[in-house]
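There are 2 protein chains.
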Amino acid sequence: NGDHQSITPQGILEQQAEKWQVPLTSKAFAHKLDEIDPLKHMRDEFVIPTVGDLPNADTTRFDSNSESIYLCGHSLGLLPKRVRTAINGWLEDWAKLGVHGHVHGRNPFAKCDYPCIPTLKKLLGAQDNEVMVMNQLTSNIHIMMISFYRPTKERFKILYEERAFPSDEYALHSQMHLHGYDPNIASIKVSPRKNETYVRTEDILDVLEKQGQSIALLFLSGVQYYTGQLFDMETITRAGQKQGCVVGWDLAHALGNVPLHLHDWNVDFGVFCSYKYLNGGAGGIGGIFIHSNQFDKDYPRLDGWWGNRYDTRFQMRSEIDRDIGADGFRMSNPSIHQCTTLAASLEVFKESGIEKIRAKSKLLTQYMQYLIETEINQPSSKYQIKFLTPSDPEQRGAQLSLHIVGADAKQIFNELERCGVSLDVRGNVIRVAAVPLYNSFLDVYQFVMLLKNVRI
Amino acid sequence: NGDHQSITPQGILEQQAEKWQVPLTSKAFAHKLDEIDPLKHMRDEFVIPTVGDLPNADTTRFDSNSESIYLCGHSLGLLPKRVRTAINGWLEDWAKLGVHGHVHGRNPFAKCDYPCIPTLKKLLGAQDNEVMVMNQLTSNIHIMMISFYRPTKERFKILYEERAFPSDEYALHSQMHLHGYDPNIASIKVSPRKNETYVRTEDILDVLEKQGQSIALLFLSGVQYYTGQLFDMETITRAGQKQGCVVGWDLAHALGNVPLHLHDWNVDFGVFCSYKYLNGGAGGIGGIFIHSNQFDKDYPRLDGWWGNRYDTRFQMRSEIDRDIGADGFRMSNPSIHQCTTLAASLEVFKESGIEKIRAKSKLLTQYMQYLIETEINQPSSKYQIKFLTPSDPEQRGAQLSLHIVGADAKQIFNELERCGVSLDVRGNVIRVAAVPLYNSFLDVYQFVMLLKNVRI
Ligand SMILES: Cc1ncc(COP(=O)(O)O)c(C=O)c1O
Ligand SMILES: Cc1ncc(COP(=O)(O)O)c(C=O)c1O
Numbered sequence: 084n085g086d087h088q089s090i091t092p093q094g095i096l097e098q099q100a101e102k103w104q105v106p107l108t109s110k111a112f113a114h115k116l117d118e119i120d121p122l123k124h125m126r127d128e129f130v131i132p133t134v135g136d137l138p139n140a141d142t143t144r145f146d147s148n149s150e151s152i153y154l155c156g157h158s159l160g161l162l163p164k165r166v167r168t169a170i171n172g173w174l175e176d177w178a179k180l181g182v183h184g185h186v187h188g189r190n191p192f193a194k195c196d197y198p199c200i201p202t203l204k205k206l207l208g209a210q211d212n213e214v215m216v217m218n219q220l221t222s223n224i225h226i227m228m229i230s231f232y233r234p235t236k237e238r239f240k241i242l243y244e245e246r247a248f249p250s251d252e253y254a255l256h257s258q259m260h261l262h263g264y265d266p267n268i269a270s271i272k273v274s275p276r277k278n279e280t281y282v283r284t285e286d287i288l289d290v291l292e293k294q295g296q297s298i299a300l301l302f303l304s305g306v307q308y309y310t311g312q313l314f315d316m317e318t319i320t321r322a323g324q325k326q327g328c329v330v331g332w333d334l335a336h337a338l339g340n341v342p343l344h345l346h347d348w349n350v351d352f353g354v355f356c357s358y359k360y361l362n363g364g365a366g367g368i369g370g371i372f373i374h375s376n377q378f379d380k381d382y383p384r385l386d387g388w389w390g391n392r393y394d395t396r397f398q399m400r401s402e403i404d405r406d407i408g409a410d411g412f413r414m415s416n417p418s419i420h421q422c423t424t425l426a427a428s429l430e431v432f433k434e435s436g437i438e439k440i441r442a443k444s445k446l447l448t449q450y451m452q453y454l455i456e457t458e459i460n461q462p463s464s465k466y467q468i469k470f471l472t473p474s475d476p477e478q479r480g481a482q483l484s485l486h487i488v489g490a491d492a493k494q495i496f497n498e499l500e501r502c503g504v505s506l507d508v509r510g511n512v513i514r515v516a517a518v519p520l521y522n523s524f525l526d527v528y529q530f531v532m533l534l535k536n537v538r539i
Numbered sequence: 084n085g086d087h088q089s090i091t092p093q094g095i096l097e098q099q100a101e102k103w104q105v106p107l108t109s110k111a112f113a114h115k116l117d118e119i120d121p122l123k124h125m126r127d128e129f130v131i132p133t134v135g136d137l138p139n140a141d142t143t144r145f146d147s148n149s150e151s152i153y154l155c156g157h158s159l160g161l162l163p164k165r166v167r168t169a170i171n172g173w174l175e176d177w178a179k180l181g182v183h184g185h186v187h188g189r190n191p192f193a194k195c196d197y198p199c200i201p202t203l204k205k206l207l208g209a210q211d212n213e214v215m216v217m218n219q220l221t222s223n224i225h226i227m228m229i230s231f232y233r234p235t236k237e238r239f240k241i242l243y244e245e246r247a248f249p250s251d252e253y254a255l256h257s258q259m260h261l262h263g264y265d266p267n268i269a270s271i272k273v274s275p276r277k278n279e280t281y282v283r284t285e286d287i288l289d290v291l292e293k294q295g296q297s298i299a300l301l302f303l304s305g306v307q308y309y310t311g312q313l314f315d316m317e318t319i320t321r322a323g324q325k326q327g328c329v330v331g332w333d334l335a336h337a338l339g340n341v342p343l344h345l346h347d348w349n350v351d352f353g354v355f356c357s358y359k360y361l362n363g364g365a366g367g368i369g370g371i372f373i374h375s376n377q378f379d380k381d382y383p384r385l386d387g388w389w390g391n392r393y394d395t396r397f398q399m400r401s402e403i404d405r406d407i408g409a410d411g412f413r414m415s416n417p418s419i420h421q422c423t424t425l426a427a428s429l430e431v432f433k434e435s436g437i438e439k440i441r442a443k444s445k446l447l448t449q450y451m452q453y454l455i456e457t458e459i460n461q462p463s464s465k466y467q468i469k470f471l472t473p474s475d476p477e478q479r480g481a482q483l484s485l486h487i488v489g490a491d492a493k494q495i496f497n498e499l500e501r502c503g504v505s506l507d508v509r510g511n512v513i514r515v516a517a518v519p520l521y522n523s524f525l526d527v528y529q530f531v532m533l534l535k536n537v538r539i
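Chains A and B supply the protein sequences, listed in that same order.
Read in order, the letters of the first sequence are residues 84 to 539 in the numbering used here.
Read in order, the letters of the second sequence are residues 84 to 539 in the numbering used here.
Pulled out of the complex, with its shape left as it was, chain A reads as follows (with noise of 0.2 Å):
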């Protein structure tokens, strides 16, 4: 739809109010969006908890059989349902086969990783040998700065955000200790000017040309598991790769979320876990991204024998003959416990189209966004929610970080429980994602007059 490229997520919403002659604040109007939805029938791909199934609902209150309304994405995607058929086949070849499994049956152990790959590439915007997915995100980092955190006494420093991920800051901290540095010389972290709530591009952007000849790495979120902010990946790439900075980037929030062209972009390196957009399961499979202009460079490196090119991997050779690219990076063979259910996952995403989901995206989260404004951010309301969250559909994917203000969050949060919705709480914010391949508008509406008539 071409059109809806051109106008605001907000102005494509008021067309569709106008032209329908429905109020947009209306459950007619949410109605009327899902059954234009051209992914509405990918819900159907999932496995929707009733209210009845969570363990806080209030099913005096509520019925039980209902579908609940699952605003939780960002933190842990909903069960694809065909995942349970791509396990039991698993658990098929592996009874049947055994150790031949590895090269037979329907997803053949030894080579289990690769089915991933096609989908992740287009997620990613990466080339052929740039992604491959491995172990989980915390270590694939560490994977990542031995390599790519080359500190020199001139330049040893790493970029990173205020609030980052506690296991990336953990991460970079042990990182910089490694080379005998103290976090609290090697750190700059780029924050929100006072009384604001997410970074200014041309904040990290001037940090870059005042100090960086001194910082050895950048690392930031794509999307910000806090405040929900996309990043300009792209400018901030560019700029910090003037400065001479390698640029990694945690895609954690940011995958399946929203494109991604980190070839284009020139992207040093990514890495990224599976359990939250791409509906991979706890603990899914992680992976990562490096960019061909890096295939070639000599660099430390953490080998196993799975980075060990195919062909001659069996031969058990005493000197690795190392794969291209990302693949070279492996060290243990696949988990097809993690592998197949993440390729079964990743087939939803291919039928969809990354394009195609980030539109819905957009304007469920644009939807979200009016009707909490409209519907909660009056002066009568009992308290108000100021987003934590970038207004500009641009500059955020699915999550909304709503900052309660004149209410106790955990309250609400609580009581929304109750009435059988899924979300998170930290301190005085909540986040909420609806996700286009399983939210409906109407779980939106939903949401937002429950939380309007929230009990506190």
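Please keep in mind that the hints were generated in silico from the structure rather than gathered at the bench.
Careful, some of the hints might be misleading.
Given that identical chains are not distinguished, each listed pair holds provided it fits within a single copy or across any two copies.
Claimed, not checked - The list that follows gives simulated cross-link-like pairs (lysine-lysine, DSS-like), each with its CA atoms no further than 27 Å apart:
hint, residue 1, residue 2
1, 493, 194
2, 164, 205
3, 102, 277
4, 204, 433
5, 439, 236
Add chain B with the ligands to chain A, keeping to what the hints say.
Frame of chain A; chain B with the ligands shown alone:
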């Protein structure tokens, strides 16, 4: 059965043959051994592939519905039936609970590593907090080496065995490179003497005596993947530590195969995988052992949020509040895919007990050796089998490495596969393991008869 401790496995076999008045080489003897096997009901816990299931079996000669002879547990253990139930439980929890599955449900995702620990502690001979499951084998080697390989100018070498598993060697080499050492200079490899097939303990002790002061780390396999040799871990560890070396063991082929007493042996660290004797599935979760003596030492670490204590993890502090011992080495949230599989598989070990498993294993392996010696290694045979594996039952686990002399091992291997036998060939060596949890004495008998009469 106290008796079994004091007499040799061969002695037990002979006693039984005598008692039953049945020839040791008869099929009746195999049947009788199975009858009195205290672990015989455990076979029913596993899915044994039928002949018809196997890709290379010849169903014109062999009944496709009969159970195949699976002797490849040293490579990939068979599917424990209860894994199916456990995985269905996980999928049900994911389906119904989504993100709430982290703390609710049958095996809460966020703590799904813990159920594996009690049985692993027994199998490894470990105390509280000395064992954790995480990552996979090669990545764990690297993680341990970042902490425990601390070369200095005087002491920077690593002692390991000739023909170490390639992944271990690649890992060791790349860690040497990381510290700026040439593997040709920093490696000391112990090897079998000329015309011998496995390494003598005395030769390792000798190297330690002579070169120990230059050795930073001793890293050997508990059971050698190629020869099946079980090293005297206690003696070697003591000798290494006497020289001031750190001593770590790769337990890939030892865990679940032979009883381990890592704490009592004062082993500094160990690493393991779970897809061989533990039956945790291809690419199953790996793990580490850290001796409690090491808990308070100050070494470099690769930190991640999962190494933070559970109580404070979600406070999302910017400084890690590290968990005790092995738990503090975790980086990423555990994979429910892998952990639920392993936890279910380990139940079989819990119910069997490693001492019983080992007692049966010694009999199975001795029985196989004896049958090969008497049935195949005859002057009239078309070929001879030389054992790379020590004939002393105390110096081996389940595996026998059969060096084929006078025939093409690959041809024998292919023909055995056609007969419905699963095994493993590398060069002129066929590796077989009779796994006490699911292999019967009849399996061994039938295998040797097939081997004896093999058409080549
Ligand atoms: C002794 C040994 N070390 C390392 C490995 C590699 O294991 P992974 O692929 O799990 O890292 C194996 C695998 O069979 C092994 O037997
Ligand atoms: C941005 C970010 N980094 C790191 C992590 C830690 O991931 P893992 O436990 O897979 O290492 C997460 C998990 O939610 C995350 O969101």
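Provide an ascending list of the numbers of those earlier hints which the structure does not satisfy. 3, 5
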